[in-house]
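Q: Taken in sequence, the protein lines are chains A and B.
Numbering-wise (our numbering), the first sequence opens with residue 1 and increments by one.
Numbering-wise (our numbering), the second sequence opens with residue 1001 and increments by one.
Quick caveat, the hints were computed from the structure, so don't treat them as lab data.
Keep in mind it's a predicted model, so treat the numbers as computed, not measured.
Misleading hints may appear alongside valid ones.
Beyond 10 angstroms from chain B on every Cβ pair, some chain A residues (computed) [as the list claims (entries may be wrong)]:
id : residue
1  : 5
2  : 14
3  : 138
Below, a sample of chain A positions facing chain B; criterion: calculated Cβ distance under 8 angstroms [to be verified]:
id : residue
4  : 28
5  : 36
6  : 38
7  : 55
8  : 60
9  : 62
10 : 63
11 : 97
12 : 99
Glycine is no exception: its CB is placed at the ideal position from the N, C-alpha and C atoms.
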Amino acid sequence: MTPGPLSYFLIAAFGLGAVVAGWLVFRTDSMLRAAYWLMVSFVGVGAMLIVLDAQFLGLILILMMSGEMTIMAIFMIMFMMNPAGLNPMTMVHQHRTSILAGVGSFLVLAWVGVVAEFPNRPAPVEDPTVALGEELLGRSMLIFESAGVALLAVMIGAIALAAKQGRFGDAFAGSVEPELDVEVGDRT
Amino acid sequence: MTSLGILLQVAVSLVAGAYLFVVADRLMGGSTQGVRSALVYPVKRLSFLMVQPVTTTERPDFEAWILAPSLLLGLAAVGAVPIPVGGPSAGGDIPAGLVLFGAAMLIVLVAVFIFGWAPNSVFPMIGGYRSAAMVLSVGIPFSLVVLTTAIPAESLSVGVIVEAQSSLWYVLEQPLGLPIYLITAAAIAFWGPFDLPEGADIVGGVAAEASGPRLAMWRFGRAALLVTMSLMGQAVFLGGYLGPVLPGWLWTLVKTVILLILLALTGRTVARMRVQRFVWFGWVVLLPLALVDVFLSGWIAL
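Start from the sequences and build out the full structure, keeping to the hints where you can.
A: Encoded structure:
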């Protein structure tokens, strides 16, 4: 797409949508809604990338986030003391620290955005996906491969911790089924 | 092709395909009332659901409950956009069309999970969790076999992939592709032997509490999803519109109907698979086979 008023309008609209969805993550009282508002926010970022001609990158971001947010919702529900996650619960904690962290990171990022001189290297017009592949498996190969190996190690560790036969032994060791406290004669 | 043309093409193919799918399923289900009854069945069922009173549950997530069926149908439509139907230019010419399809199909999981979650009820929620376990187990093999068709074609555009099959269809060049694709597609569309998210053992699963227009939309969305899966299957594995004598759109129609009937048939003929066993099957059998498919295709392409 050639840059024009429409592109600028679309980028602004998707960006605003992503920010509003990100804000709604903390305004809702349902863990599922929080997870999927975050997904909507990422879809907005993906759409911005698509408008910026990085079609493959934007779509792959949306593709990955759908599965990831579902996994995140399931993990949140598993770890919270909230039966099946169906009870409403607040999504914000440690108000003072989080406000300070939020304002601080916004100021730093805004400062970087205003002050930094970004390089002007437009993507090749023919096929940005090919250029992306050459970058991933060429100049930046070491960075991405190390990150990939690190992520794989984290995944194996997470599976080892979550497995029924984890490093602390059988997950059900010592657990006793609750007894049914009913006497037969009670039911007339 | 203009945007309006693509919109019309997607709408017509999804409505007609969904109609055909419901009729085929009705006939295979051993309906004793003959073919004519089966032909009007989708219309009768739709009219019934449109006037059926809508029941609700205690404190449902109302917006999510209404959104989920529309999301399912919308994703089926988005997935159908990049598929060329009648010839090289008949379809959205999207450079990364295959990725668009993959992204739309994997977000189906979100629609099913939300639809199970929203009623605030036990059985739909169990159905949603079942769907998550099944789709997360086959999501990677599904994406791998679809993206492998892009290796010999050297493009992510569906039109280019169809053109690259002029000498040999990928169903023969990548023999592992189509079987894995059909199994995983049925699982993502919670259909056939993998319909346990809507299983009878949990009184209808994700759709247990749904009724009225909402249920009609949900059923239409699932049928449309299977149509989109068949459309993409014929485009990337069966050579799409390529074929002798007949015009291109007719070849697309014939191949899509064959895949759609094949998928519909599994609903009545293949035994269901338990979720735990299916998860094992996805990670231990389908994923390595999909990787073999990638390596073999890459080797042939090199």
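Q: Does each hint fit the structure? Answer for all of them.
A: Evaluated hints:
1. Non-interface status of residue 5/A relative to chain B is upheld: no Cβ of that chain comes within 10 angstroms, the nearest being about 19 angstroms off.
2. Listed as a non-interface residue, residue 14/A keeps its Cβ farther than 10 angstroms from every Cβ of chain B; the least gap is roughly 16 angstroms.
3. Residue placement check: residue 138/A keeps its beta carbon more than 10 angstroms from all beta carbons of chain B (closest about 18 angstroms).
4. Against a cut-off of 8 angstroms between C-beta atoms, the interface hint on residue 28/A is violated, since the closest Cβ of chain B lies about 10 angstroms away.
5. Among the interface hints, the one on residue 36/A holds; its C-beta lies about 7 angstroms from the nearest C-beta in chain B, closer than the 8 angstroms criterion.
6. At about 12 angstroms, the closest approach between the beta carbon of residue 38/A and any beta carbon in chain B exceeds 8 angstroms, and the interface hint on this residue is violated.
7. Because the smallest distance between the Cβ of residue 55/A and any Cβ of chain B comes to about 4 angstroms, under 8 angstroms, the interface hint for this residue holds.
8. Hint status for residue 60/A relative to chain B: holds, with the closest Cβ pair at about 6 angstroms, below 8 angstroms.
9. A distance limit of 8 angstroms between C-beta atoms decides the matter here; for residue 62/A the minimum to chain B is near 5 angstroms, and the interface restraint holds.
10. This hint holds: residue 63/A has a C-beta 4 angstroms from the nearest C-beta of chain B, less than the 8 angstroms allowed.
11. With a least beta-carbon distance of about 30 angstroms to chain B, the hint placing residue 97/A at the interface is violated under the 8 angstroms criterion.
12. For residue 99/A, the shortest C-beta to C-beta distance to chain B is roughly 29 angstroms, which exceeds 8 angstroms, and the interface hint is violated.
Checked against the numbered hints above, the structure breaks hints 4, 6, 11, 12 and satisfies the rest.
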